[in-house]
Amino acid sequence: MKIMVAVKRVVDYAVKIRVKADKSGVETSNVKMSMNPFCEIAVEEALRIRESGAASEVVAVSVGPAQCADTLRTALAMGADRAIHVDSGALAPLLPLSVAKILKALAETERPGLMILGKQAIDDDCNQTGQMVAGLLKWPQGTFASKVLLDKEKQVATVEREVDGGLETLSLDLPAVITTDLRLNQPRYATLPNIMKAKSKVIKKVSLEELNVEIKSDLEVVQVTEPPKRKAGVILSSVDELIDKLKNEARVL
Amino acid sequence: ISTLVLAEHEGGLVKPSSLSAVEAAGVVCKEKSISVLLAGSGPRLQEAASHAASCHPLISQVLVAEADILKHPLAEAWAKLIQLVQQKDGYSYIMAASSSFGKNILPRAAALLDVSPVTDVVEISEPRLFVRPIYAGNALCTVRYTGSDPCMMTIRSTSFPISSISNDSKAGAAPISQVDLSTFSEETLGKSRWLKLASQDSERPDLGNAHVVVTGGRGLKSADNFKLLEKLAEKLGAAVGATRAAVDAGFVPNELQVGQTGKIVAPDLYIAFGVSGAIQHLAGMRDSKVIVAVNKDADAPIFQVADYGLVADLFDVLPEMLEKLPEK
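First to last, the protein sequences are chains A and B. What the first sequence shows, in our numbering, is residues 936 to 1188, in sequence order. What the second sequence shows, in our numbering, is residues 109 to 436, in sequence order.
Hints listed in this document are in silico derivations from the structure and should not be mistaken for laboratory results. Treat each hint with caution, since some may be false.
As the list claims (entries may be wrong) - Each pair of labels, with its calculated beta carbon distance range:
#1 B/P427 / A/V1169: 19 to 25 Å
#2 B/K140 / A/V950: 45 to 51 Å
#3 B/K404 / A/S1142: 37 to 43 Å
Unchecked claim - Below, in silico cross-link-like pairs of lysine to aspartate or glutamate (EDC-like), each with a Cα-Cα straight-line distance of 16 Å or less:
#4 B/K432 / A/D1179
#5 A/K1082 / B/D356
#6 A/K1151 / B/D421
#7 A/K1140 / A/D1005
#8 A/K1073 / B/E295
#9 A/K1182 / B/E435
#10 A/K1182 / B/E295
#11 B/K432 / A/D1108
#12 B/K343 / B/D222
#13 A/K937 / A/D1005
#14 A/K958 / A/E1161
#15 B/K299 / A/E986
#16 A/K1180 / B/D376
#17 B/K397 / A/E1043
#18 A/K1132 / A/E1176
#19 A/K1073 / B/D356
#20 A/K1151 / A/E1184
#21 B/K299 / A/E1161
As the list claims (entries may be wrong) - A short, non-exhaustive set of chain B residues, derived as facing chain A with CB atoms under 7 Å:
#22 V172
#23 S208
#24 K211
#25 I242
#26 V251
#27 G358
#28 N362
#29 S384
Ideal Cβ placement from N, Cα and C applies to all residues, glycine included.
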């Protein structure tokens, strides 16, 4: 069985982001970019499943501009077998629905038994692509996964999900889509030999035309602004003073 | 203009977060044309339907889908149900709360309807103009939906507080109708099965709706120490929350996590003990009305958002607060 993992290139999680003065977006030039942390967890999970013998190949996929090849190179250095880069060229960042359609088209040619994605990207925080590609492919979905068990014989995945009320367990027939939550695993670091080895692995470039996917833009960014700042508070000296403030100034007790 | 609200129910009642989605629907739907969709099976579903019919003056219709496959909130069946209802009734808007339920189901349904949905709406400026946080709330993005109907979104319930609960149970109750599920069959149904839900039963208020939240971070050091926090929560009638670090360390279960990927809260009073204030955590609580931080480290970023700070050992402060706070 083959596992397809989708990875996204985003502003590194440790970067303090700056909103552009013209409100057109967030500053991304001269900013460190990395693989979305949830996608790293997705790659790690795919590798672990392959290492357990339940899968034979891990294919990493990314949709975006030319620099996405770096992100795919990271996935290959972690241990993915090969990669596919769908070049979105000069198009503005694609909406999750378009990315889902692209992933669907790739899944139809690659025919993976499992598709793993991060539950959300830490830039747009959309939390949509996995659910959408599952819907388009008519595959069952296990979102926000914190534990995945694969039964190779029965072709079933048991997925534990982090939901508001606790932990929910689902059983999914393969092929299926899984999206990862933070506690699913601790992603590995790429070792130097593996980084070297990754340089000879193949990143196949695919154009949007080849995939014949309709790119929809039914959602338009009007502006990006800074959130209102909270006014600086005060440092108090005792519990008594705190209780007094909460009672008589903030009036919340 | 008509709006469909996907609602969750529990114990025969519509969940408060779903009623927040009704409030949000009220912003785009001035006339009384909001339908609430409930699904499941058994007597609890019918109780929830009666509750939905009379609990909010904006609700004009309650749609009930009763089937075994809908007994648990499986995205495959729910998304199909939404597609079915939309094809029949043609709503202009489809909304749900940004709960794990809404986030799991709504995007899948949107893909079936070929719509780009909007996640985590915190403000509706114009009927098709929405504000949503990006980068863990470090920026706000205004987006316009330019596609055809339906416009679909999940809303942050903390941004749409419930204002108009009506208590006169039967007066002016909205009609309840059953969704015709005779055509409800598809190859995806049955490819997923619900096995179980492990949850911690708690007497305390729900984290998402509590007026007061007390949160512990890594500074609490152990699961046992969280019991101190629970005592304080009891005294304040508060819910207990935790940071990702505290959850990862195994002090408390995951459903208590407040932050970018956990729960978003905006209580009247938020008290953080031993919380450093990582941006991912701040994303989940920055809209609280009054924030109190207790931390030994005077440089902890949490103090930059706190209205009141105490630079002190939480193990001194907690017992003192327990002793000195008035009973609720």
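Now for the hints, and whether the structure bears them out:
no.: 1; hint: B/P427 / A/V1169: 19 to 25 Å; in the structure: holds (23 Å)
no.: 2; hint: B/K140 / A/V950: 45 to 51 Å; in the structure: holds (47 Å)
no.: 3; hint: B/K404 / A/S1142: 37 to 43 Å; in the structure: violated (56 Å)
no.: 4; hint: B/K432 / A/D1179; in the structure: holds (11 Å)
no.: 5; hint: A/K1082 / B/D356; in the structure: holds (14 Å)
no.: 6; hint: A/K1151 / B/D421; in the structure: violated (54 Å)
no.: 7; hint: A/K1140 / A/D1005; in the structure: holds (13 Å)
no.: 8; hint: A/K1073 / B/E295; in the structure: holds (8 Å)
no.: 9; hint: A/K1182 / B/E435; in the structure: holds (13 Å)
no.: 10; hint: A/K1182 / B/E295; in the structure: violated (59 Å)
no.: 11; hint: B/K432 / A/D1108; in the structure: violated (56 Å)
no.: 12; hint: B/K343 / B/D222; in the structure: violated (49 Å)
no.: 13; hint: A/K937 / A/D1005; in the structure: violated (22 Å)
no.: 14; hint: A/K958 / A/E1161; in the structure: holds (9 Å)
no.: 15; hint: B/K299 / A/E986; in the structure: violated (26 Å)
no.: 16; hint: A/K1180 / B/D376; in the structure: holds (14 Å)
no.: 17; hint: B/K397 / A/E1043; in the structure: violated (50 Å)
no.: 18; hint: A/K1132 / A/E1176; in the structure: violated (62 Å)
no.: 19; hint: A/K1073 / B/D356; in the structure: violated (34 Å)
no.: 20; hint: A/K1151 / A/E1184; in the structure: violated (52 Å)
no.: 21; hint: B/K299 / A/E1161; in the structure: violated (44 Å)
no.: 22; hint: V172; in the structure: violated (22 Å)
no.: 23; hint: S208; in the structure: holds (4 Å)
no.: 24; hint: K211; in the structure: holds (5 Å)
no.: 25; hint: I242; in the structure: holds (5 Å)
no.: 26; hint: V251; in the structure: holds (5 Å)
no.: 27; hint: G358; in the structure: violated (10 Å)
no.: 28; hint: N362; in the structure: holds (5 Å)
no.: 29; hint: S384; in the structure: violated (14 Å)
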